[in-house]
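Enquirer: Residue strings, one per chain:
Protein chains: 4
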Amino acid sequence: MKHEVNLEKYQIHTDLAIDVLDRKSDLKGVKKEVNVYDNITVTDVCLDSINSLNKSKGNYITIEFDDITDSDNYNSVKKVVVTELKNILKKMKIKNNDKCLFIGLGNAASTPDSLGPKVKNNIIVTSHIYKLGTLDSNYRVVSAISPGVMGTTGIETHDIIESIVKKIKPDFVIVVDALASESIDRLNKTIQMTDTGIHPGSGIGNERREISFNSLNIPVLAIGVPTVASAAVIVSDTINYMYKHYEFNKEYIKNPKSKLTFNNINYLNKNITINKKDKEELFGIIGMLNENEIKSLMNEVLNPIGYNLMVTPKEIDFVIDRLSTLIGASLNETLHNINC
Amino acid sequence: MKHEVNLEKYQIHTDLAIDVLDRKSDLKGVKKEVNVYDNITVTDVCLDSINSLNKSKGNYITIEFDDITDSDNYNSVKKVVVTELKNILKKMKIKNNDKCLFIGLGNAASTPDSLGPKVKNNIIVTSHIYKLGTLDSNYRVVSAISPGVMGTTGIETHDIIESIVKKIKPDFVIVVDALASESIDRLNKTIQMTDTGIHPGSGIGNERREISFNSLNIPVLAIGVPTVASAAVIVSDTINYMYKHYEFNKEYIKNPKSKLTFNNINYLNKNITINKKDKEELFGIIGMLNENEIKSLMNEVLNPIGYNLMVTPKEIDFVIDRLSTLIGASLNETLHNINC
Amino acid sequence: MKHEVNLEKYQIHTDLAIDVLDRKSDLKGVKKEVNVYDNITVTDVCLDSINSLNKSKGNYITIEFDDITDSDNYNSVKKVVVTELKNILKKMKIKNNDKCLFIGLGNAASTPDSLGPKVKNNIIVTSHIYKLGTLDSNYRVVSAISPGVMGTTGIETHDIIESIVKKIKPDFVIVVDALASESIDRLNKTIQMTDTGIHPGSGIGNERREISFNSLNIPVLAIGVPTVASAAVIVSDTINYMYKHYEFNKEYIKNPKSKLTFNNINYLNKNITINKKDKEELFGIIGMLNENEIKSLMNEVLNPIGYNLMVTPKEIDFVIDRLSTLIGASLNETLHNINC
Amino acid sequence: MKHEVNLEKYQIHTDLAIDVLDRKSDLKGVKKEVNVYDNITVTDVCLDSINSLNKSKGNYITIEFDDITDSDNYNSVKKVVVTELKNILKKMKIKNNDKCLFIGLGNAASTPDSLGPKVKNNIIVTSHIYKLGTLDSNYRVVSAISPGVMGTTGIETHDIIESIVKKIKPDFVIVVDALASESIDRLNKTIQMTDTGIHPGSGIGNERREISFNSLNIPVLAIGVPTVASAAVIVSDTINYMYKHYEFNKEYIKNPKSKLTFNNINYLNKNITINKKDKEELFGIIGMLNENEIKSLMNEVLNPIGYNLMVTPKEIDFVIDRLSTLIGASLNETLHNINC
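Residue numbers (the numbering used here), protein chains in the order written: chain A, 3 to 342; chain V, 3 to 342; chain F, 3 to 342; chain E, 3 to 342.
Hint data in this document are derived by calculation from the structure and do not stem from the laboratory.
Built from N, CA and C at the ideal position, the CB exists for glycine as well.
Take the hints with a grain of salt, since some may be wrong.
Stated by the list, open to error - Per label pair, the in silico range of CB-to-CB distance: (1) E:E293 / V:N277: 24 to 32 Å; (2) A:N77 / E:D187: 49 to 57 Å; (3) F:K33 / E:N98: 58 to 66 Å; (4) A:T71 / F:S217: 30 to 38 Å; (5) E:K88 / F:G308: 24 to 32 Å; (6) A:G308 / F:K92: 31 to 39 Å; (7) V:D187 / F:S73: 22 to 30 Å; (8) F:G135 / E:N98: 43 to 51 Å; (9) V:N37 / E:E293: 42 to 50 Å; (10) A:D173 / E:N98: 51 to 59 Å; (11) F:D68 / V:N37: 26 to 34 Å.
Said to hold, decoys possible - If the Cβ cut is set under 10 Å, some of the chain V residues that face chain A in the computed set are: (12) M152; (13) G153; (14) I166; (15) I170; (16) N216; (17) S217.
Can you make the complete structure from the sequences, with help from the hints?
Expert: In C-alpha cells, the structure reads:
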C-alpha cells in the first residue's frame, strides 16, 4: 500500500529563512555566511532575485542564542543584535538623519503575539520633539505606532500603516512581529532581521497583505521572533529526535561502559548517522517520509479535527518581557546615538 | 490694597459644558433641559452658533450619577446612557446602516488616561467580517482604533485619525476620551456626549488639533468622562464648601436642637444663603473674589512653583474598569441591535 | 531487535482522574456515572480506599465542555458548575454557615499558571465584614488568599497555607489551581472538582506537599483546569489520531462517493476500528507500543535533550480570563446565596 | 466671633516623621542630622523613648529627591538608598547571614497602593534554593510574600504575617508600603526607612494592627513612600503657598526691575518673611489659624460631605514602576552581595 500524503495540499508555513535553508540542499542564487560568537550564532543569507528558496530577494540575518535571562548572556546578545542592526541598515543605505517609523505589529492583549506592541513601548520617540526644534543632535527623528490586529480593529493592518506612512512620510520603516516557528528548538531563541519586509501568512495574526518596499515605497526592515509553533511542528521535530535516539541507543547498547553514564547523556551532542532501514523499522510507513512529507501529513491529520493547535511555552510571559526589553534597547542604541 | 489677580492671564480650562453653565448667568443662544431619573441627572444643552458660552454650536448631553459599583445602579445608568446615545445619534442624523469608526483616545499605560483604549477593547468590531460577506443583520459595520498619544507615538493624534478616516471612509466617528474636570464632585461621576467633537486643550493628553466635523468632514460624536482635576480646582471647590460650612455653623449654633445631631449632618443638603460680608470676614481678600477669580489666582500661585498637580482619586483603577465596561456595553447596544 | 522503553523510569504525570480511567480497563473499587447536558459532559467518579487507579479515595467530578466564549454556552456551563459544586459540598457535609478559606494557587505573573490568583480576585470575601457584625444573612463567611509559588516566595506553599489555616481556623478550604493535561483535547475545556485535595506533582508549579484533609485536618475541595500539556502528550495524542486517520482513509478509498466530500470530513466522528496489523505497518516498532509505553518513550526521548516543553495554546490570555470569571461567579453563587 | 475648629476631633494623619518635625519647634528627646548629596537630602532622626513627637522610639531616615525618571538621577538616588539601608540594618544589628522575610504590603490591583507588591516582584528570593543546599555564598537567605489587603482577603494582614513568621522563623523582616502624605511636595519624592515598623493608620489600606518588633518579636525595617494625599492636605499646602506668593508680590511690586522677569520667578526660592497681619488681611479668620488648625478645619469641612478624597498624581503608573524598580534593586544589593 502506498501512502496517500498530498504534498501540494498543505503549504509548509515558515517565517524563518533558515528553516527553509535547513530543508534544501540545492542552493542556486543563495549566499550564506555563518559566524559564531560564544553561544550566539549569526547566519547571514543573501538571496538573488531568482533564488531556489521561493523567498523574496534580499538579506536575512538570523541570530540564534540560548538564554537571555542571565544578565551576562543578555548583554552579549544585545551587543550582537546592535551590530547586526547597524550592518543591515547600512546595506539598506539608511542614512543617520533618515526619519524612522517604528511599527509594533501584533495583539497587545495576547501574550505570545504582544512582542511588537511591547517593543513599541520601549522605543524612544522623538518626532514631536523634533517639530518643536529642541531635539538633541544625538537623536534621530523616530515615531512609533501599534496598529493592532484586524480581529480587534476590523481594519486590515496594512491599510492603517499605508495611510500613516502617506501622511507622516518617514524615510524608512522598522516593523517588529511575533512569528510562527518551524522547529521547537528555535522558539523564543531566534531573532530574524530582513530587508524584505513582512509577507502574507507571516506573523501570528495572519494578515493578508505584505508590508515591504513594494507596498510602501520606502525601505522596510522587518524583525521577527518565533514565539509559537503548531502541534504538527512538535510532532515532526519529535519524530526526528526519535530517529537519533534510536540510533544512539543501538550504538550504545554495544558499548559496555555506557551502563554507568546513561542518564546524563544528551544524544544530540553525539555524531549519529541515521540509517534509512532503521527509520522504516522504527516507524513503518511514516519512516519512509522525508521531513516535508511528515509535516504535510501531520497537517492533513490534525487540521480537519481541529487539533493542530498553535502553542507557546508556558514561560511565555517572562520570555516576551525579556525579548521586548532587549530588542527595544538594541533599536534605541542603533537608531539614536546613545547607550541603553 | 487691591488684589492683583490678572484674570486674562489664565485661561480657565474646562471640558464640561455644564461647568461653564454653572458659572454663567447670562444665557443667550442657550437652550437647557434637565431630567432626573432616580439618582441620575441628565442635562441637555443646545447651543446656537452665536451663544454666550464661547463653546462650539451643538448639543451637549451630560449624565451625572453617584455610583456604578453597585450592579443595580450600574444597570440604571447604562439604560440612561443607551437612551441618550440613541437620541444624540438621531439628532446627528446617523442612519442604522451608517459605518462607524470608534476611536479610543488616551494612553493605555496611564490609568487615569486609559478610558478611551479600555472602551475600545470592549467594542464589538465587525468591519472585517462584513467584508467577508458574513455579517449578521443585527450588526452595524464598526471598526475601532486606539491611536495612542503624541508623547508615545511622536505623531499628532489628529494626523493618525485623519489618514485612517481618509483610507477606510466611515460615515461617522465616535471618540471616547478622559477629560480634566472643573469640580471634584463630578470626577468619575459624569458622562458628557456632544456632537461638537473634541477640542484643543480637552482631554488629559492635551493634543493640539480638534477632532470634529470641521476637521474630518463626517459627523463626530465625542464621549468624555472627567477623571482628573488640578490642585487649583480642589482648592477652589474647598473654599466654596468652607463658605457653606461657615454659614451653616453660624445658623446652627443659634439652634439648641442641633447639639444632638451634629455629626450626622451633611450641610450641603441644607438651604444656605452665603452672606457677602461673612465671606470677607472668613476669608479676607480672598473672600472678595468670585469663583473664576479664585481659580485664576490658584493657577497664578501654583503654576510657577510646579505644584498645580493634575490628580486622580486613589480608586482610579477600579473606577476606570467599571466605566469602560459600562460605556463599551452601552455603545455595543446602541451601535448593534443586541443586548449586552 | 526489541524496543528498550523502560516503563518504570518515567512516571506518567496526570492530574485528571478521567485521564487515568481512560487508560485502564480493570476497575476495582471504582464507581462511575456519566451525564450529558447539551454539549456538556459530567463524569462522576467515586473511588474506594483500595481502588485500582492509584488515586486517593474520594469523589472526582469532571465537567467537559467545548466553548465558553459564546455567552449562551458560558451560562450553560456555569449552571452545571454551580450544580456540581453544590453536590460535592453536600457530599463533603459542608453546612451553610461553615466558614470558607479560598486559596488561589499559582503564579499571577505567568498567564497559564494564573488561574488560581485570577479566580481569587473574583471571590466575594466577607470575613472582615462579619467581624464588624454587619454581614447580610445571604452571605457566608469567606476569606481568600493567593499564597504565590515557591519560585517567587522562597517558601513552600503548603507552609503558608497551613500557618494561615491554623491562625484563622476556617471550617473548610477550597483551592483552585491550573493543572497539566494528559491530552490536548481536554486543554482548557475541563473543570475537575475533587474532595481529595491537591497532590504532589499536581499543578504547574509542582509544589511538593499535598493540600488535603490529611495535611490540614479540615475538608478540602480542589478545583482544577488543565491549561498546559507537554510535548510528549501532543506527540502521543497525534500518533493516536494518525491511526484513526489511516484507517479512515483506507476505508474511504474503497468508496467512490468520497471524492466529493473529502475536505469537510472530521474522521473522529466516524466509527473506526483500529487494526493491530495496520498500526505496525504504519508505525513500525512504535506501532507495537500501547499509549502508556508511547508516552514513556516520548519522555525518554525528549527529557534528556531539554525539548519536553510544557506548552499552552496561544489564546491562553483570553481563555484564562473567561475561565476565572466563570469559576469565580460559580463559587460566589454556591458559597453565598446570591446570583452572579 | 471666634472660630469653632475643634482641634481634638480630627487626628492629624501623617506617616512621615519629618512631617511631624516640620510642625514642631520643641524637640525634647530628638536627635536630627541632615546631609545633602547633590539634589538628594537625607534626614536622620533618632527619637528617645520619651520624645516630644508622639512617635515610637527609634531611627527614621528620610531620603528626599526630585526626579528618578532620568537615569543619572536614578543611579544617584539608588546609591544613597543602598548606603542608608546598610546603615540602618547595621544599627538594627542585622548580621550578614541573618535570614530575611520581605513583605510587600498593599493592593496589587490599585496602582497607588501597589508599591509593596511590585517591589516584592523585584526581590531575589533564595530560601528554597538554600534548602536544596545549593545557594551561592554571595546570597543571603531571603523569602518574600505579598499578603494582600483586608478588603480583598477578609483577613487582617497582621494575622497572615504573624502566622508565616511563626512558621518560617526569619531573623528579621523588611516591609514596604505606600503611605499617605502630609504635603504635596513630598508625594512620590520621599523614601522613609525606620526600625520602628508600620503603625496603625499608616499606609493607604489602613490596617488596624502594627507590624513591629513588639508584635513579631524580631527586628522590623519599614520602608515607605508617600503616594497619596488628601484634598485637605492640598488645600492646606496651597494656603501656605498663597501667603508666600502674597508677600513676594507685595515686595516685588515696589521693585521696578521686576516687570521684566515676572513670569520666570519661582517665589519659593526667595527668602520671604510672612507677616502675621498680612495673613489676616489676605485670609480673614482662616489667616489666624496655624497649619494644624487649618488641616483640622479642612477635615471638618470636607469629611461630612464626602469630598476629602485621597488623590494621587495622574502619572502614578510610571512613578510606581520606577520606584519599585529602584527600591527592589537597592534591597537586592543590600541583602545579597551583588550589583543590580
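Enquirer: A separate judgement is required for each hint: does it hold in the structure or not?
Expert: Evaluation of the provided hints:
no. : hint                        : in the structure
1   : E:E293 / V:N277: 24 to 32 Å : holds (27 Å)
2   : A:N77 / E:D187: 49 to 57 Å  : violated (39 Å)
3   : F:K33 / E:N98: 58 to 66 Å   : holds (59 Å)
4   : A:T71 / F:S217: 30 to 38 Å  : holds (33 Å)
5   : E:K88 / F:G308: 24 to 32 Å  : violated (40 Å)
6   : A:G308 / F:K92: 31 to 39 Å  : holds (37 Å)
7   : V:D187 / F:S73: 22 to 30 Å  : violated (36 Å)
8   : F:G135 / E:N98: 43 to 51 Å  : holds (49 Å)
9   : V:N37 / E:E293: 42 to 50 Å  : holds (45 Å)
10  : A:D173 / E:N98: 51 to 59 Å  : holds (56 Å)
11  : F:D68 / V:N37: 26 to 34 Å   : violated (46 Å)
12  : M152                        : holds (5 Å)
13  : G153                        : holds (7 Å)
14  : I166                        : holds (6 Å)
15  : I170                        : holds (6 Å)
16  : N216                        : violated (18 Å)
17  : S217                        : violated (14 Å)
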